[in-house]
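Residues in the sequence shown are numbered from 1 upward in steps of one, following UniProt numbering.
Simulated from the structure, these hints should not be mistaken for laboratory data.
One or more hints might be untrue.
Claimed, not checked - Straight line, CA to CA, 27 Å or less: simulated DSSO-like cross-link-like pairs of lysine-lysine: (1) Lys126 - Lys455; (2) Lys380 - Lys524; (3) Lys507 - Lys451; (4) Lys177 - Lys507.
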Amino acid sequence: MVSSLQAQQLKWVVKGKNVGDDIVLKPQQYLDGELNYDNLFISGTEASEIIAPADGTILSVGLDRMNTLQNSTYYGLSGSFNASINKLAKEKLPLPLKYINGSVQIKLENGNKLNINGLRGDKIWKTGMKIKQGEVLGTMGYAYKKVQKPCIALAISNPQNRADDPMKPFGLVSTFKLAKETPRPATLTLAQTKEDFDILMKSLKECYPSYKERITPEKEAAFIEQTTKQFKEGMKYETFYHIVRTAFTRQFINDSHINVNTPFPYKEKKVIYIPHLSVGVENGKLIATRAIKGTERYLRKEIKSIDSRSAEQIIKEMYNHVELCDEEVKSYVELKVFMDFANAYWNRMKPQTNTITFADGTTYKDTWVPNNTVKDIIPKPLLSKYFRAWAIPKQKDFNFQRIDNNTALLTLSSFTLNEVELEEIATTLKANINVPHLIIDVRNNYGGDIKVLNKILSWFVAKPFCLPKAYDVVNSNSTYKSFKYCMNYPLDNKLFEGYEPYGDQFKISHETDTIQPNPELNYKGNIYVLINENSCSAATSFPASLAYEGRATIIGRETRTGYHSMNAEKFAQFKLPNSKITYTIPLVKIVFDETITNRFPAHRGLLPDIEVPISYDEVFIGKEDFIMNKALEIIKTK
């Protein structure tokens, strides 16, 4: 395979040196028993200047230490690399400061990302900054303890975040070898099935910090018994895949941050089959929600059964199949059973014929057809403003507009914003600081960086703000046995050494993490935050913080992530050895608040002050923005 960067030759990264000078470790070479997969290590002196090999944009900048060739520990960056390292030195922690260095990730013009680790220097870099080829990034530090002399580590990844060749773009003869995709088995032996399921269950129990809170011994035993009854010799991959997927649904563990990464088998096929009539649950009834042209006479009709399955059974299964939401969150669940017809068939999108019996006694024989032969679906998927807002990617992660003289709108589609983008938002907000009403839209926002969240909060809180019970909980402050099957952490990694015993778990407090009102930018007007069932993670924490402080009116529908806590921050990615199925488990339970009231009920997402219930018109037909209209209606009464 030819590297995607081969056509773009890069400038050698050490200033004043020729291409290829002082390489100490290439990809596929071993260092003290460790295989170096994708890093190019280059040595020099502490005075060696490191330059940008090409024009690009700084995606990330940080401070880290390479523990192994595949794993690093990250530290907070405050100012320049040198200033941040000096700050760590003053804390007198038992850290190997020599091997803690700055790192920069640069997005190149062709979309690839270039990572350089092992930097020192006094210049302050900001994410989002444009950088020119040849611009000095810093001087050389000590990228890795096993090299034992000044060096940097350089790696390249493609737009899909997969490792790419770090040598050919410099015109060097390469030793890099692209990792081969592990072939998926067609079937599993009984022993392989049992082994993979055992690894799955043990990793969930050992790593997932809310396991004991959410899974009783009785529920665990019932799930294992029900699941293992299905095991047999020569089990098809697709059958076992659905068993694994079931563990991550409302039938066992549902969480907005836990998921199976391997896609449903049908998504890997060139042709997907779909029914003429899509079904969904509205007001407790199973109805036909959409129809291929020619069958629209059945739209909105109540369904009594599909084949031998009653409507009640199908509805129960659809609710059970919902995943990617926290605990007892309702709005996202209601949306999924309403909108996602595939849940009725557990995503088995293959040729089939179903007999649909309606409540009025009429029937329809639905023979599924290839999706690439369907010309028209009614209602058209992109007809409704709701569907367009959810399905069409945004060109920018933020937008600011003045609606009228009294009202402005700040749309945040993500909290993964760089420093340049934050400065742009701040500048615009300053220019509109006196507008009486500000709507902040965090609908369809899947979260992002906690630092970005806190920065934006500082623009809106009226006084120093700290949630009353802010702490993190993990299952171990030592090693995790399950990491034997983990792809992103080594088996001997102790991620949470500073955590103190807390019952049978371990805890670290964040009660000192106070958000101060920003003295240079602090909006004093009325705030209205729009939320919905796709407001996740930081997009739940942001409106929740403003709601807790009484600083904003929350409008819309319950968030997908829980209000009181969420499991996030650090994630372990696992691969089952036989089926090759991969999945992600969050390792940290982040507790924001333990106060349970009618406003903040237990086990729920953030509830709005003013609810806009989901409806067929909004999801499938409406050309208006129902939640936005409600906010504007409220503002008019002020």
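Each hint tested on the structure:
A threshold of 27 Å between alpha carbons decides the hint, and for Lys126 with Lys455 the separation of about 14 Å falls inside it, so the pair holds. Among the hinted pairs, Lys380 with Lys524 is inconsistent with the structure: their alpha-carbon atoms are about 43 Å apart, more than 27 Å. At roughly 21 Å between alpha-carbon atoms, Lys507 and Lys451 fall within 27 Å of each other, so this suggested pair holds. The suggested pairing of Lys177 with Lys507 is violated, with an alpha-carbon distance near 42 Å, which exceeds 27 Å.
Violated hints, in rising order: 2, 4; the structure is consistent with all others.
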